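**Student:** From these two lone chains plus the hints, build me the complex, please.
The residues making up each chain are set out below.
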Amino acid sequence: MFPTARAKAVTQHATSDARWVRLVERVKSDKDQAAFAALFAHFAPRVKAFLMKSGADAALAEECAQEVMVTLWNKAHLFDPERASVATWVFTIARNRRIDALRKQRRPEPEELTWGPEHEPEQSETIALQQESEQLGRALAALPENQRMLIERAYFGDLSHSEIAAETGLPLGTIKSRIRLALDRLRHEMK
Amino acid sequence: MTNIKHHLTDDLLMSYAAGNLPEAFSLVVATHVSLCDECRARLASYEAVGGAVLYEAPCCAMSEDSLAATLLRIAEAPQDAVPARATGAPGLFPQPLRDYVGGDLDAVQWKSVGGKVRQTVLPTSKEASVRLLHIPAGTAIPDHGHHGMELTLVLQGAFQDEGERFGRGDVEVAGEDLEHTPVATPGDDCICLAATDAPLKFNGLIPRMAQPFLGI
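Chains as they are written, first to last, in this note's numbering: chain A, 1 to 191; chain B, 192 to 407.
Extracted from the complex, chain B is given alone in its bound form (with noise of 0.2 Å):
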C-alpha cells in the first residue's frame, strides 16, 4: 500500500456505497479504494449500512413459481460461465480505471489540451465527466474554479496545490468554493483522474476559449 495522505469524504463514500454517484465519480471513488484499505473498511461500513437497511425493509412476495424458475436459471447458466472477474496485473491504472481505458498507461489515446497538457476523456453517463490528464513535471494546470464538486485522484507523480502535495493514490475534493491552481512537481510526470459535475471555468481568456474543445 501506498502512504495515502488524502482520503475521500463521508459522503462521497455513502453515496458510492449507496449506488447514487454520477458514473464518473463512481469510476474516481473504485480507483481510489483498490488503491487505499482505510476507505475500503470506510465504505464496507457504509455498505453493511445497506444490509441493514434491506434486512429491515418490509417484503414483497415473490411470484408463485419464482424459486423454481431460479432454480432453473442457475441450471441452465453453470457457474462455468461466470468468469473470474481479472484482477491487477501489476501496473499503474488499478483494474476498474483499466476496464474504463481498455488497458494500462500503454493504451491512452492522448490529446493536447494546449500548452504540454494532455488528456483523454473516459466514456461514462452525462451528468459528470472524467478524464485522465498528463501534466509534466513541473508544469502547472490552468487557474481554475468550478461550478460544482471536482475530485482528483493522482496515479502517477505528484501535484502541489493550496500548500498541499499529492502522490500517488491521494485524492483532492474541491467544491465550488476552491479557485485553485495545481501544480505539478519535479520528478515524474503526473497523470490523474479527474471527475467533475459542471464545466470547469478556466480564469484567463486563452482557457477560456479552448474549453470547448475540450470535452469538458
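Here chain A stands alone, though its shape is the one from the complex (with noise of 0.2 Å):
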C-alpha cells in the first residue's frame, strides 16, 4: 500500500521538528557523532547568534554555543519529545548559559519532573507536541513585524521584566493544553 497523497503530506509535514527529535534519540541511546553533527550544524550558529543578540562578543558566544551543545549531548537522556521541541529545549540550556555567563547570577530551576528509565515517549503525542511548536513557530513569522520584534527582543534578554508584555497574540492555549496533559500521565505514572 502507498500512503494517499494527503496521509503523505502530512508525514513530510511533520519532518522538520520530529527530524530533530530523532536524531537527539541517536545521541542519547547510541552517542550518535553523526546525528549530533547535524544537531550542531543547525544549532550551534543559532545559539551562537542567539547570545551575540544578548550582548556577547563573538568569542564568548562561541564559547558558550560550545558548551550548549556539550550539554545537549550529556543531557540528551533528560530531554522529553512529549513536552518540548528540541528547538526549545536547547533554547532553555542556552537562555540558562546566559544568565550565567553574561549575567553572572544562578538561575533556581522547578524540580525536574523525569519519566522512569523504561518510559518509551508515546508516538502520538510527540508528534502533536512538535507539529503544535512548528505551528506556534508560523504564529510567530506571521505577527506584525513590530509585534514580532518585541517578543524577540524579550527573549533576546533585551527587555526588563517591567517592559515584558506577556500578551503576545500567540496562540499558546493548545500547547500549554497538551504539555498539562503529559504532565498529568507523568504524576500518574509517578504514583
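It is possible that part of the hints are untrue.
As the list claims (entries may be wrong) - With a straight-line cut-off of 30 Å between C-alpha atoms, the simulated DSS-like cross-links for lysine-lysine are:
1) B:K196 with A:K176
2) B:K317 with A:K53
3) B:K196 with A:K191
4) A:K104 with A:K75
5) A:K104 with B:K302
6) B:K196 with A:K104
7) A:K28 with A:K176
Claimed, not checked - Now the in silico label distances, taken between C-beta atoms and shown as ranges:
8) A:E189 with B:E318: 38 to 48 Å
9) A:N146 with B:W301: 43 to 53 Å
10) A:E145 with B:D297: 46 to 56 Å
11) A:A59 with B:T372: 52 to 62 Å
12) B:L296 with A:T174: 36 to 46 Å
What the hints contain is simulated information worked out from the structure, not anything from laboratory work. In this text the structure is predicted, and so the values were computed from the model without any measurement. All C-beta atoms in this analysis are idealised placements derived from N, C-alpha and C, irrespective of residue type, glycine included.
**Tutor:** Okay, here's the thing in C-alpha cells:
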C-alpha cells in the first residue's frame, strides 16, 4: 500500500521538528556522532547568534555555544519530546548559559520531573507536540513586524521584567493544554 | 498536588521563561512551579515561544574547528561527570529553595524581626531580595505597602489577605498600589517565601525604625 497523497503530505510536514527529535534520540541511545554533527550544524550557529544578540562578543558566544552543545550531548536522556521541541529545549539550555555567563547569576530551576528509565515516548503525543511547536513558529513569523520584534527582544534578554508584555498575540492555549496532559500522565506514572 | 488557587501571572512566567527576572523573583517562580503543574505547563508554553524565536533566529557561523573542539570537550568530560540533580526527597521545601537554604526547614537559621515574626534573607543578586518568613499562627505581618512588586509564596500554614486565603503553594502577587496586612490563620504557623524588588515601607513608627535591621 502506498500512502495517500494527503497522508504523505502530513508525514512530510511532520518531518522537520520530528527529525530533530530522532537525532537527539540517537545521541542519547547510541552516542551517535553523526547525529550530533547534524544537530550541531543546525543549532550551534543559532545559539551563537542568540547569545550575540543578548550582548555577548563573538568569542564568548562561540565558547558558550559549544558549551550548550556539550550540555545537549550530556543531558540528551533528560529531553522529553512529549513536552518540548528540540529547539525549545536548546533554547532553555542557551538561556541558562546566558544568565550564568553574561549576568553572572544563579538560575533557580524548578524540580525536574522525569519519566522512569523504562518510559518510551508516546509516538502520537510526540508528533502532536512537535506539530504544535511548528504551528507556534509559523504564528510567530506571521505576527506584525513590530510585535514580533518585541517578542524577540524579550527573549534575547533585551527587555526588563517591567517592559515585557505577556500578551504575545500567539495561540499558546493548545500547546499549554497538551503539555499539561503530558504532566498529568507523568504524575500518574510516578504514583 | 496541593489544591492551589492563586497562581503566577503571565508576565512573570514569560519573564522567567525569557530569563529576565531578578534572581530573587526567579527563586519564587521556580519554587511555585515545582508545586504547581498548571504553571509548569504555562511556563513550558512560554519557553516554546523562546524555542520558536531561536529557531527563526539568523545564524552566526561557528569557527572552523568548532565541531571538533566540541567533540573533544565531550570526550574529556564524560557523561558520568554530570551528576543527576538531586530531586525532592520529601520535605517542606521544593528542591530549588533547598538549594538556596542548604537543606530543608531544619537547616534555616532564623532571626527575629520584632514581635514573634522571624525571617532569614537568602543570598541572591542585589536588584531584588528574597527571604523566608516564619509567622506564628494568628499573627499579623506588620501593615505595609511597597514601592515595587512583592511575591509571597506559602510553604506551610496559610494567611488571609484582602479577604482571600492563601495556603501551601498559593502565591500572592502584590503591586505597588496594594497596602495590606496579611494575617497568618490559626492552625500551623505560616512559613512563606517573599521576594520584593524595593524595600518594604511599613506604616507605623516602630516597624519603620526596625526596617534597616530587617535587611529588606
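**Student:** Compare the structure with each hint and give your call.
**Tutor:** How the hints compare with the structure:
{"no.": "1", "hint": "B:K196 with A:K176", "result": "18 Å, holds"}
{"no.": "2", "hint": "B:K317 with A:K53", "result": "25 Å, holds"}
{"no.": "3", "hint": "B:K196 with A:K191", "result": "23 Å, holds"}
{"no.": "4", "hint": "A:K104 with A:K75", "result": "22 Å, holds"}
{"no.": "5", "hint": "A:K104 with B:K302", "result": "29 Å, holds"}
{"no.": "6", "hint": "B:K196 with A:K104", "result": "34 Å, violated"}
{"no.": "7", "hint": "A:K28 with A:K176", "result": "26 Å, holds"}
{"no.": "8", "hint": "A:E189 with B:E318: 38 to 48 Å", "result": "40 Å, holds"}
{"no.": "9", "hint": "A:N146 with B:W301: 43 to 53 Å", "result": "50 Å, holds"}
{"no.": "10", "hint": "A:E145 with B:D297: 46 to 56 Å", "result": "55 Å, holds"}
{"no.": "11", "hint": "A:A59 with B:T372: 52 to 62 Å", "result": "53 Å, holds"}
{"no.": "12", "hint": "B:L296 with A:T174: 36 to 46 Å", "result": "40 Å, holds"}
In terms of the numbered hints stated before, the structure departs from hint 6 and from no other.
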